[in-house]
Amino acid sequence: MKPNKFWSWLVFGLGAAYFIIPLVATFMFSLSMRRGYYSFDSYASVFSDPRFQATFGYSAVIGLFSIVVGILVVVPAVYFVRLRLPWLRPAVEFITLMPLIIPAIVLVYGYIRLYNSSSIIPFTGSALGTDILLTCAYVTLALPYMYRAVDTGMRTIDIQTLTEAAQIAGANTAQIIGRIILPNILVAVLSGAFLTFAIVIGEFTIASLLNRPAFGPYLQNIGANRAYEPAALAIISFIITWGAMGMINVLGRFAPRTSARTD
Amino acid sequence: MAAFLDVQNLTKTFGTTTVVKEVSFAFDKGEFISLLGPSGCGKTTILRMIAGFETPTSGSILVDGQDITTLKPNQRQLGMVFQAYALFPNLNVGDNIGFGLKIAGMPAEERRARVDEMLKLIGLPGFERRYPYEMSGGQQQRVALARAIAPRPRMLLLDEPLSALDAKIRVSLREEIRAIQLDLGITTVFVTHDQEEALSISDRIVVMNSGSIEQLGAPHEVYNKPATRFVATFVGHLNTIEATVVDAATGLVDIDGQTVTVPTLPATASAGAPVSLTLRPEVLSVGAREGNDITLTGTIADVTFLGSVIRLRIALGRNTLSLDTFNDQRTAPPSRGEPVTISLASKDLLVL
Ligand SMILES: Nc1ncnc2c1ncn2[C@@H]1O[C@H](COP(=O)(O)OP(=O)(O)O)[C@@H](O)[C@H]1O
Ligand SMILES: [Mg+2]
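Line by line, the protein sequences give chains A and B.
Each number in the working numbering comes from the position in the first sequence (counting from 1) with 207 added on.
Each number in the working numbering comes from the position in the second sequence (counting from 1) with 16 added on.
Wrong hints could be hidden among the right ones.
Below, in silico cross-link-like pairs of lysine to aspartate or glutamate (DMTMM-like), each with a Cα-Cα straight-line distance of 25 Å or less [claimed, not checked]:
#1 B:K37 x B:D219
#2 B:K88 x B:E176
#3 B:K118 x B:D132
#4 B:K88 x A:D365
#5 B:K184 x B:D219
#6 B:K88 x B:E125
#7 B:K184 x B:E212
#8 B:K136 x A:D365
#9 B:K136 x B:E150
#10 B:K118 x A:D365
#11 B:K45 x B:E70
#12 B:K184 x A:D470
Because the hints were derived from the structure by calculation, they are not lab data.
Sequences are here, hints too, so could you generate the full structure?
Encoded structure:
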């Protein structure tokens, strides 16, 4: 074995161990609810907890809404900036990075100051209003990822020529985006969607401060009060997140294929 | 009869540069028109203004009597084919061709029939389930053509539709485009920088240079009677002979020590003044020929075998001329360095 290969493997092995050992340990622990032998009892306990089902369901619904709103905001925005205002791109790119720079706690305090029940727009005054606010917050949190996914998708197709080809055939802007642009960047949009879902499912700060029954606060609550269930939940969250990531990879195979040929 | 396509004083300025300058032309229904000119002369800009993708700085565009200058592209009922095919990658061939029909709200049955008809027209029957990436460039461009004409547009616009294709397909597809255009009788504006392409398929050609029209005419007019020096050099190959006037009154000039008589000289010519004579390669013959009244002698500087045609470069002194002869399979082509006598008819000299 060549020495440089040895060192490569060593570094890889250390890196892998750094990720895998805690995961394996957590998994083992989650199986140890019964003394003396491994069982899935902690999982059964988690799944049978009605609060698990309720909070997970709630977060999943909020996640879906965040995805839909995110797509409706980001796809037309990226499309128009690329098509008509290309000089604006650096500014837009910077703005979409803001959610990574500004902590979520700042965002949520801003929301509470602005939309509290004694303000002109009392979003936090009702459950529905707060849910809308929460969705907006998640759209913002996912913006850096959604924007980049969509932008990368649009870079792979010639949106100007496709737009013009559709326009001259009689299509209006909504038809162009809906029938031509969106289907051609669907894979990129879905990868943005899975990232959004992964963020929403585990988010704690905003959901907790807006006092909504989301999955993140539930995880925290269980973590503080139980022994084995948090480990099981960690493994479940991990599987959901990595499942979402895996879907992005699988979808990559369906990306539009170039048809540029000279023959 | 009023013109079908009427472009009046069309001007387009980007920032401070005017790329289309006061362009006017009028064409009849069913004509195949080419906009021909070097890269950057404003052909695409004119076509894009006709399509509605660019707004003219001034001027107007009328189609069938209707002023379309301010209409949106999707309201103009035109068809367009792009250089890069621009088929919708997410749609199969049938849906690509049927796109405009679907947008217009044509019922599915009728649409399918029209798509079938279009596929037959472009010689790709049975291809409706294929996707663009599964097809060759030539096939994709034919689908793009079918997509453009399927909604029966008032006019067909083509922007260098052949320049992304290999040479062989370029020639066969241009013939196909012309045949389909004649078949449908659709008024067509074709943009190209390739003079051979324009000459071979057009009813009339608009020769452009730096945003202005140099000449507008049928292919044979543009080629045989170029209006300007630019047209003469851009369309077809052109020889220029630098000569010296010997006697202006009788048209006697000196070409590298050989004295010949030419029919016309510029009014300003006087004895001893330099003068440029121009002529096409094909009006020159090797040896004497019936009707040729000017004979020159020189040596063969170069021989280019082009298949059916052999192009000779003939050195007279400081002037070198190109001459095209047909390839005769029974005799070997002339070789470099051989002395040669050439002749031409003085009426074929272009005085520019
Ligand atoms: N959107 C634009 N902005 C600025 N300049 C442009 C634009 N489109 C074309 N031009 C310029 O206009 C000139 C003519 O372009 P074009 O019509 O594409 O020429 P052609 O098709 O004859 O090659 C070129 O110099 C080009 O750089
Ligand atoms: Mg062009």
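So, going through the hints one by one against the coordinates:
1. B:K37 x B:D219: holds (24 Å)
2. B:K88 x B:E176: Holds, because 23 Å separates the two Cα atoms, which is no more than 25 Å.
3. B:K118 x B:D132: holds (15 Å)
4. B:K88 x A:D365: Holds: K88 of chain B and D365 of chain A sit about 21 Å apart, inside 25 Å.
5. B:K184 x B:D219: holds (23 Å)
6. B:K88 x B:E125: violated (29 Å)
7. B:K184 x B:E212: holds (14 Å)
8. B:K136 x A:D365: Not satisfied, since the Cα-Cα distance of roughly 29 Å exceeds 25 Å.
9. B:K136 x B:E150: With Cα atoms ~19 Å apart, K136 of chain B and E150 of chain B stay inside 25 Å; holds.
10. B:K118 x A:D365: holds (22 Å)
11. B:K45 x B:E70: holds (24 Å)
12. B:K184 x A:D470: holds (9 Å)
Violated hints, listed in ascending order, are 6 and 8; each of the other numbered hints is respected by the structure.
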